[in-house]
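Peer 1: Put together the whole structure using the sequences plus the hints.
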Amino acid sequence: MAIIRIGKTREATGFTSERYKAAIRLYLEAMGYAQLTDSKYEGHLTDMIFRPLGNAPWPEVRVESKASELSLSAPNLASEVRAYLKDWLSLSGESRFKFMIFAKKLINLSRWNTIWGDSISQSEAQDWLIDDLDESSAKFFLDPSRTKAIFSFFSEASVVEGNDVDLTDMAEEKKKVNLSANEIRQRALRQLIQMDQRARPVPKKSELMGNLLHFTPPSSYAVLGAGSLSAAEIHERMRRRDSPPYRIVAAGELLTLNDREADEGFSVLNPTRLRSLDLGELDSTYPGGLAELTNFAIGKMLRRIGVAFFENRSYFLAEDQVKMHKSRILELSSGESMQVAKPYRLKRKGEIWEDAGEGELNFVFHQAFSLRYRRLWDQHFIEFKLGKLYTKDGRTVIEGARAAKLDAHFRNPTFDRSETRQRKLEKLAEFVFREKLYKYPAWTRLFSFGDFLRIGTEWTPDAVPLDQSMIDDFDFQVEGGGSDSPDPTS
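Position 318 of the sequence shown, counting from 1, maps to 307 under the numbering used here, and the rest follow consecutively.
Hint data in this document are derived by calculation from the structure and do not stem from the laboratory.
None of the values given here were measured: they were computed from a predicted structure.
Please note: incorrect hints may appear among the correct ones.
Here are the simulated BS3-like cross-link-like pairs (lysine-lysine), alpha carbons at most 25 Å apart as the crow flies [what the hints assert, rightly or not]: (1) Lys331 <-> Lys394; (2) Lys381 <-> Lys331; (3) Lys163 <-> Lys193; (4) Lys413 <-> Lys289.
Peer 2: Given below as structure tokens:
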């Protein structure tokens, strides 16, 4: 059984040593650790042992406290370090502790650097470690199988120089800096617990609705010849023309929908029909062609109903409504409606923004969105994503610090529940792809848009907490989004 000696004799004077250790405790507590034991009371080799707070993935810390000036040739220092090292080697990788030496002042700092600091040398560290050992005792530390691990021990250890006042001052500064970080860490831990709870679904049947709208693409495509015209010349001649979507696939060749009535849209190119392709041939001959044509087509449709584009986001223009002090509202034939732009004429009271009614226009809030082609599970979809955007007058987008400040104010998940988002998606799809078909060119009838993907399950997910924001609030960018922007002028 273990023998525990309570209150063994210490190497430094009681008052000075214990006051120094109290400062060390404050320093490490400010770093996110809590003290477990103290050799003054436990009687073990290690002066102090600390463990990280919560479930932080940091190692335990073992401290050697030297309330004095310290040189590498100090009596018993190498012997004490060897004892720590043997304990460290006896543990497996993840359970190994971090070793720290605290000293009021380091003598011959340049040599300390070659063993413990930035200029660490494996040979210097090894020579110092065994300098006072005889040949037989040194064999343990010279064993080639331990060389790499011993060097890791020295390179991962820390030596802290500073008196008790220095350590206390640093601890106070650390506490100030870490207050907000600790709060964020605690919030993250609570969210992790909630996520773990929600990972266990309720055994009740439900139907999940995704943000993917079923979509049937045109069945036939055409490659048109444009003679010797360059890509730049083709783009220039086609600018602002009401033509079907197209993609330049080679010099003087462009890919588009196989619709002879729509050929009139390319009359400025005096085109010739080179060949026709079905959907399978399109995928194999021009990979990515369907995505580009679909996104281009969606962009052309959106422009017809007063939508503008900014980076990867689309938003309904509201200049006319703003001039009349009104919001822009989408009216559906079902009698439902959806507000997509709202002017704010605001005054400021302290840190709270309040609607001041008829005051000077401050900004316009827009319900931004993104529509883009996606192919999943060998099916075709239009992916919907919601977001926010702010303009000065219903058209000119606000960017930079001001936009970030406004976004922080409107990022309120209490008013952004999954049910609300679902209804917004349904209304947006209804307005864009059903209500306004009469506003689109004839070639849009080659595209067929269905309903949102729904999946029946035997379980029901747990409800999302009211204070949890949607991921779209923090990252609206879509990987590769720049290459298939729905803006037909890009």
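Peer 1: So if I understand the rule, the pair passes when the alpha-carbon distance is 25 Å or less; does Lys413 with Lys289 pass?
Peer 2: holds, 22 Å
Peer 1: Verify the proposed pairing of Lys163 with Lys193, using a straight-line Cα cut of 25 Å.
Peer 2: violated, 49 Å
Peer 1: Against the 25 Å threshold, does the CA-CA distance of Lys381 and Lys331 hold or violate the hint?
Peer 2: holds, 11 Å
Peer 1: Would you mind confirming whether the straight-line C-alpha gap from Lys331 to Lys394 stays at or under 25 Å?
Peer 2: Satisfied, since the Cα-Cα distance of roughly 17 Å is no more than 25 Å.
Violation of the numbered hints given earlier is confined to hint 3; every other hint is satisfied by the structure.
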